[in-house]
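J.: Sequence:
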Amino acid sequence: MDLSDTPEEAAFRARLREWLAEVLPALPPKPDPSDWPGRRAYDLGWQRTLYDAGYADVHWDASPALRMIFLEESEKAGAPYVGANFVGLLHAGPTIAAEGTDAQRARWLPPIRRGEEVWCQGFSEPDAGSDLAALRTRARRDGDDYVVTGSKIWTSHAEVADWCELLVRTDPDAPRHRGITWLAMPMDAEGITVRPLRTLAGSTEFAGVFLDEVRVPAANRVGAENDGWRVTMVTLSFERGTAFVGEVVACRRVLRQLACTAQENGRWDDPALRRRLGRLDAEFRALWRLTQWNVSEAMANGGVPGVGGSVFKLRYSGARQELYDTAADVLGPDALDLDRPWVLDRLSSLSYTIAAGTSQIQRNIVAERMLGLPKGR
784 MDLSDTPEEA AFRARLREWL AEVLPALPPK PDPSDWPGRR AYDLGWQRTL
834 YDAGYADVHW DASPALRMIF LEESEKAGAP YVGANFVGLL HAGPTIAAEG
884 TDAQRARWLP PIRRGEEVWC QGFSEPDAGS DLAALRTRAR RDGDDYVVTG
934 SKIWTSHAEV ADWCELLVRT DPDAPRHRGI TWLAMPMDAE GITVRPLRTL
984 AGSTEFAGVF LDEVRVPAAN RVGAENDGWR VTMVTLSFER GTAFVGEVVA
1034 CRRVLRQLAC TAQENGRWDD PALRRRLGRL DAEFRALWRL TQWNVSEAMA
1084 NGGVPGVGGS VFKLRYSGAR QELYDTAADV LGPDALDLDR PWVLDRLSSL
1134 SYTIAAGTSQ IQRNIVAERM LGLPKGR
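In the working numbering, the protein residues as written are 784 to 1160.
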């Protein structure tokens, strides 16, 4: 398989590099991490800058290869991350582009592209654990609306979101995976309560969301009623497929910085540490190649990543945790100082074997859908 850039991709990469070098020095300073309204405004402003420059469509209208180049070069240049736009650009937007009606694409995709609306993700529930199909938030049809009651947890960016990609159970008597529906819920609807959750790292990008008889228009349903599980697999394929490209690039940069720091503070003299750094370098190089392979597969399958994303997610989650555990070894006693580089990253890395599907779930997917092993009972 040829993983090198085509002439078109090389030209896109060169134009993007030139544009980033020109625009990034003129950006305003980033807001305080705890200022979510400020972060929303900053992230939407960056998205508008991308829109004005013609790069706003890259997350769903461009080929997976161009999307990967965009994420790679943006990370290398130190461009702002998608931030509060994460769910809209990398999850809900691509899903609506792939599964939505013409009217839905016309309503929701342009505001995401222009940096006008923020989305959050309402999938996980307090009593479902890592079993997404065990969700119990109910939606009953009432005329032209669904009436939704239940609760969600770990809802990304709910406190600053305009819309929520919401999974609900519309047929409680159907088999677990067949009674689920994917809805787009306006976050200003009556009956929604948002309670921010403080993480171990002190941030509040997640929230609990409580829904009390919330009316959602049936026109906001993406896909058929009770076909939400299939639509959700499209969403998760994007989440596990190309959404982590920039983070792999960032981890490779951190690895180089760790090696330099170890040489400066004397930790480089430890052969065991050098072996760990070398093994991690090989791991992230392999993950980068796996990402390229997944992107090539997605291009052959109409732009939607395949189940190979689960292999990537499984390996990447563990490698990221090991990377920041190694950072703690390099820092020594300074690893307890929250103001030091990589310390908060180490705390946040603990969630990666849970977020976007636990490692146990990823192993099940790989075993059943790739290796053809029988399902567990």
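Rather than coming from a laboratory, the hints here were simulated on the basis of the structure.
Glycine residues also receive a C-beta, built at the ideal position from the N, C-alpha and C atoms.
A portion of the hints provided could be inaccurate.
[As the list claims (entries may be wrong)] Computed Cβ-Cβ distance ranges for the label pairs, DEER-style:
# : residue 1 : residue 2 : range
1 : A889      : D1112     : 48 to 56 angstroms
2 : A1002     : G828      : 45 to 53 angstroms
3 : P790      : D835      : 42 to 50 angstroms
4 : D971      : A1001     : 29 to 37 angstroms
5 : D971      : D1108     : 37 to 45 angstroms
6 : D928      : P894      : 18 to 26 angstroms
7 : Q1046     : E801      : 29 to 37 angstroms
J.: Each hint: holds or not?
T.: So, going through the hints one by one against the coordinates:
1. Separated by about 52 angstroms at the C-beta atoms, A889 and D1112 satisfy the suggested range of 48 to 56 angstroms.
2. Between A1002 and G828 the Cβ separation comes to about 30 angstroms, which falls outside the hinted range of 45 to 53 angstroms.
3. For the pair P790 and D835, the supplied restraint of 42 to 50 angstroms is violated, since their beta-carbon distance comes to about 26 angstroms.
4. A hinted range of 29 to 37 angstroms for the beta carbons of D971 and A1001 is inconsistent with their spacing of about 18 angstroms.
5. Take D971 and D1108: their Cβ atoms lie about 42 angstroms apart, and the range 37 to 45 angstroms holds.
6. A beta carbon spacing of about 22 angstroms between D928 and P894 agrees with the range 18 to 26 angstroms that was offered as a hint.
7. A hinted range of 29 to 37 angstroms for the beta carbons of Q1046 and E801 is consistent with their spacing of about 33 angstroms.
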